[in-house]
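Novice: Protein chains in written order, with the working numbering: chain X, 1 to 628; chain U, 629 to 743.
FYI, nobody ran anything at the bench for these hints, they're computed from the structure.
Derived DEER-like restraints, expressed as beta-carbon distance ranges:
1. X:P225 / U:R645: 52 to 62 Å
2. X:S83 / U:L655: 13 to 23 Å
3. X:G80 / U:G663: 23 to 33 Å
4. U:G680 / X:P225: 47 to 57 Å
5. X:I126 / U:A639: 22 to 32 Å
Okay, the calculated bits of chain X under chain U, using three or more residues with CB under 8 Å as the criterion:
6. 36-42
7. 77-86
8. 96-106
Pairs of lysine-lysine residues, derived as DSS-like cross-links and limited to a Cα-Cα distance of at most 25 Å, are as follows:
9. X:K35 / U:K716
10. X:K596 / X:K427
11. U:K713 / U:K656
12. X:K470 / X:K572
13. X:K501 / X:K591
14. X:K591 / X:K427
15. X:K427 / X:K501
16. U:K716 / X:K137
17. U:K635 / X:K137
18. U:K656 / U:K716
19. X:K572 / X:K427
20. X:K470 / X:K568
21. U:K710 / X:K35
22. U:K713 / X:K137
23. X:K569 / X:K501
24. U:K656 / X:K137
25. X:K569 / X:K593
26. X:K591 / X:K572
27. X:K556 / X:K501
28. X:K35 / U:K713
29. X:K470 / X:K596
30. X:K591 / X:K470
31. X:K501 / X:K482
32. X:K572 / X:K482
33. X:K572 / X:K501
34. X:K146 / U:K635
35. U:K710 / X:K137
Glycine is no exception: its CB is placed at the ideal position from the N, C-alpha and C atoms.
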Amino acid sequence: MQRVPSYISRSVAGSYDNEAVAIFALIFTFYLYIKTLNTGSLFYATLNAIAYFYMVCSWGGYTFIINLIPMHVLLCIVTGRYSSRLYIAYAPLVVLGTLLASLVPVVGFNAVMTSEHFASFLVFIIIHVVALVYYIKGILSPKMFKVAVTFVVSIGVVVCGAVLAVLIALVASSPTKGWSGRSLSLLDPTYASKYIPIIASVSEHQPPTWPSYFMDINVLAFLVPAGIIACFSPLSDASSFVILYIVTSVYFSGVMVRLMLVLAPAACIMSGIALSAAFDVFTRSIKFQLPGATENSERDAGETSSNSVVAQNDVAKTEKNEDAVKERPSKKNRKKEKEKENVEKPSVKSQIKKKLLILPLEASIIAIFLLVLLGAFYVVHCVWAAAEAYSAPSIVLTSHSHDGLHVFDDFREAYAWLSHNTEVDDKVASWWDYGYQTTAMANRTVIVDNNTWNNTHIATVGTAMSSPEKAAWEIFNSLDVKYVLVVFGGLVGYPSDDINKFLWMVRIGGGVFPHIKEPDYLRDGQYRIDSQATPTMLNCLMYKLSYYRFVETDGKAFDRVRRTEIGKKYFKLTHFEEVFTTHHWMVRIYKLKPPKNRIRGRAKKSKSKASSTTGTKRIGTKKKNPWH
Amino acid sequence: MAKSTSKDAQALFHSLRSAYASTPTNLKIIDLYVGFAVFTALIQVVYMAVVGSFPFNSFLSGLLSCIGTAVLAVCLRIQVNKENKEFKDLAPERAFADFVLCNLVLHLVIMNFLG
Numbered sequence: 001m002q003r004v005p006s007y008i009s010r011s012v013a014g015s016y017d018n019e020a021v022a023i024f025a026l027i028f029t030f031y032l033y034i035k036t037l038n039t040g041s042l043f044y045a046t047l048n049a050i051a052y053f054y055m056v057c058s059w060g061g062y063t064f065i066i067n068l069i070p071m072h073v074l075l076c077i078v079t080g081r082y083s084s085r086l087y088i089a090y091a092p093l094v095v096l097g098t099l100l101a102s103l104v105p106v107v108g109f110n111a112v113m114t115s116e117h118f119a120s121f122l123v124f125i126i127i128h129v130v131a132l133v134y135y136i137k138g139i140l141s142p143k144m145f146k147v148a149v150t151f152v153v154s155i156g157v158v159v160c161g162a163v164l165a166v167l168i169a170l171v172a173s174s175p176t177k178g179w180s181g182r183s184l185s186l187l188d189p190t191y192a193s194k195y196i197p198i199i200a201s202v203s204e205h206q207p208p209t210w211p212s213y214f215m216d217i218n219v220l221a222f223l224v225p226a227g228i229i230a231c232f233s234p235l236s237d238a239s240s241f242v243i244l245y246i247v248t249s250v251y252f253s254g255v256m257v258r259l260m261l262v263l264a265p266a267a268c269i270m271s272g273i274a275l276s277a278a279f280d281v282f283t284r285s286i287k288f289q290l291p292g293a294t295e296n297s298e299r300d301a302g303e304t305s306s307n308s309v310v311a312q313n314d315v316a317k318t319e320k321n322e323d324a325v326k327e328r329p330s331k332k333n334r335k336k337e338k339e340k341e342n343v344e345k346p347s348v349k350s351q352i353k354k355k356l357l358i359l360p361l362e363a364s365i366i367a368i369f370l371l372v373l374l375g376a377f378y379v380v381h382c383v384w385a386a387a388e389a390y391s392a393p394s395i396v397l398t399s400h401s402h403d404g405l406h407v408f409d410d411f412r413e414a415y416a417w418l419s420h421n422t423e424v425d426d427k428v429a430s431w432w433d434y435g436y437q438t439t440a441m442a443n444r445t446v447i448v449d450n451n452t453w454n455n456t457h458i459a460t461v462g463t464a465m466s467s468p469e470k471a472a473w474e475i476f477n478s479l480d481v482k483y484v485l486v487v488f489g490g491l492v493g494y495p496s497d498d499i500n501k502f503l504w505m506v507r508i509g510g511g512v513f514p515h516i517k518e519p520d521y522l523r524d525g526q527y528r529i530d531s532q533a534t535p536t537m538l539n540c541l542m543y544k545l546s547y548y549r550f551v552e553t554d555g556k557a558f559d560r561v562r563r564t565e566i567g568k569k570y571f572k573l574t575h576f577e578e579v580f581t582t583h584h585w586m587v588r589i590y591k592l593k594p595p596k597n598r599i600r601g602r603a604k605k606s607k608s609k610a611s612s613t614t615g616t617k618r619i620g621t622k623k624k625n626p627w628h
Numbered sequence: 629m630a631k632s633t634s635k636d637a638q639a640l641f642h643s644l645r646s647a648y649a650s651t652p653t654n655l656k657i658i659d660l661y662v663g664f665a666v667f668t669a670l671i672q673v674v675y676m677a678v679v680g681s682f683p684f685n686s687f688l689s690g691l692l693s694c695i696g697t698a699v700l701a702v703c704l705r706i707q708v709n710k711e712n713k714e715f716k717d718l719a720p721e722r723a724f725a726d727f728v729l730c731n732l733v734l735h736l737v738i739m740n741f742l743g
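When you get a sec, could you build the whole thing from the sequences and use the hints?
Specialist: Okay, structure coming up:
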């Protein structure tokens, strides 16, 4: 699993986002849960709860665990697989887990109050009821049990109905039915685009395309269905859990491409099971048809693992080594191997029945060889993906042209300029994508960055970028901003620049400030910046700051990303002045002009009472908050 | 109709009582402990309903500690019960050690959360 590209995508050049840790915590929690389920030991249940706490600390995706495990418990109860080990695995986890989750400040009391956790409490109650039923069934005779059932059901229905009514009333009274915005957008994929543009705008939150599945999990994509089928042949608690895990993670990764990350370990486990089942069949058929010298030849071959009774321990080791090369060894994998081996021993005697599963010798050898080749391709792809697609630190861009590698170092150039040529407490406004970079590399305060949770604040910046110059100046002035930074890719063809992101700024701004309306910026529903663009678009700050003096580069102002000439070519900036543009015009920095000392002809009409005084007072009046 | 139901209910109680009387003493002690824990939890809920839930974390930690010890005691009972075929080869000392460990962790968390 350390090879699978989607896991690698969360870490770039040695730094990592919290998901890299979180996925390990997720798998560890699941592993301990299965272990508790299989052994029924309270010790593992404790470890499970502690691993769950680790998961809560690291990522908000822990709600996946706290909903998947109750779902699995419910599935086990419904399919009649209730056992006391299930109770030991689940009940302490709920109590300890809820307590530990409330310890984390971000979660706090949400652990008991939001709908995301209700599933666990509901199943907690259900499992107690079921446990009680089984217990009473055990100590009563069947006839009395029937009486007890009728007795309890009649009372129980009334009580349950009352409790359910209260609960539903409580939940329905809150507008979002108690779910948080992020979870709602997962359950209903269209929710975010309707109500919360800022969640919808993050590119990682978009649904993935089909090729991205192949890119991220490659060969595993078609080993997974084989693994699902292999899981059904001895259906144990553990295998039903894995099936549930993979089905839910496929659904959620279909909603948000970022959650491909959760799918990756599930896919690895499934493929591991499939591969081991396949190898099992092939090697068994080889062993069956080559009596005597089979063990030696197979051990020489090195890549196969035989299930012969004698070499059982060596088998486990070679299988382990092989899987460690290809994917992270899953404990379930080994356990299933052992199950198959135990089934094998008595059945070697009854060879007639086994004949159906034995393939001809040549076919199995070729099949093993092909499977190994498949594994090799997978490794090659993963290494390539890690090198090319996921190792590019987006700060420095490269392009291959006929005269070699061209390096675009504009971002670092801009941040270095900022850190050397501005005062230490000057504030920089830009779109939130560049917040972290500016803070880290230029060492200046930013207005919004990647971790801003305050939607109104981001909407303010978005509105400023979408307004005409004067209004934008007033907004930025009220935020005490000195410099504005925009990213512009039109000269070199860099596609993820601010003009391409601009519609999101309009949407997010319009979500909070109703005077910004998205249709104002579109001509016939199309987003354009050429001569057919709307006047609102041509006058807004983002347009002006991106294309100021652009016509001086090639005389025609041809935008390489949008592939047209721009609409307004010759204009002056009245409230901003350009202070720096990088070598390839990718980052442009503007400074807010101080307000004019004298305003011609407007002094009498200005709203403030201090209009008759001299200019010094006027600076104070101009700094009124424009939002009141 | 009502008479037969009440007779059924009485017969039910009798059979329940007689079946329960045959459980070994150590299991009965654990059951008593569970009952006490649940009773304490109920008292806490009633107290909260009367007084209000202002330090909510204290209420939560107290309530969950009672429920937690009840659950853990039930787990111990499951593991120690000789009739339970799944845990035949689990030594009762090991079960009790696990129980103590789990309780330690639970109470550590509770003391932290109590506030």
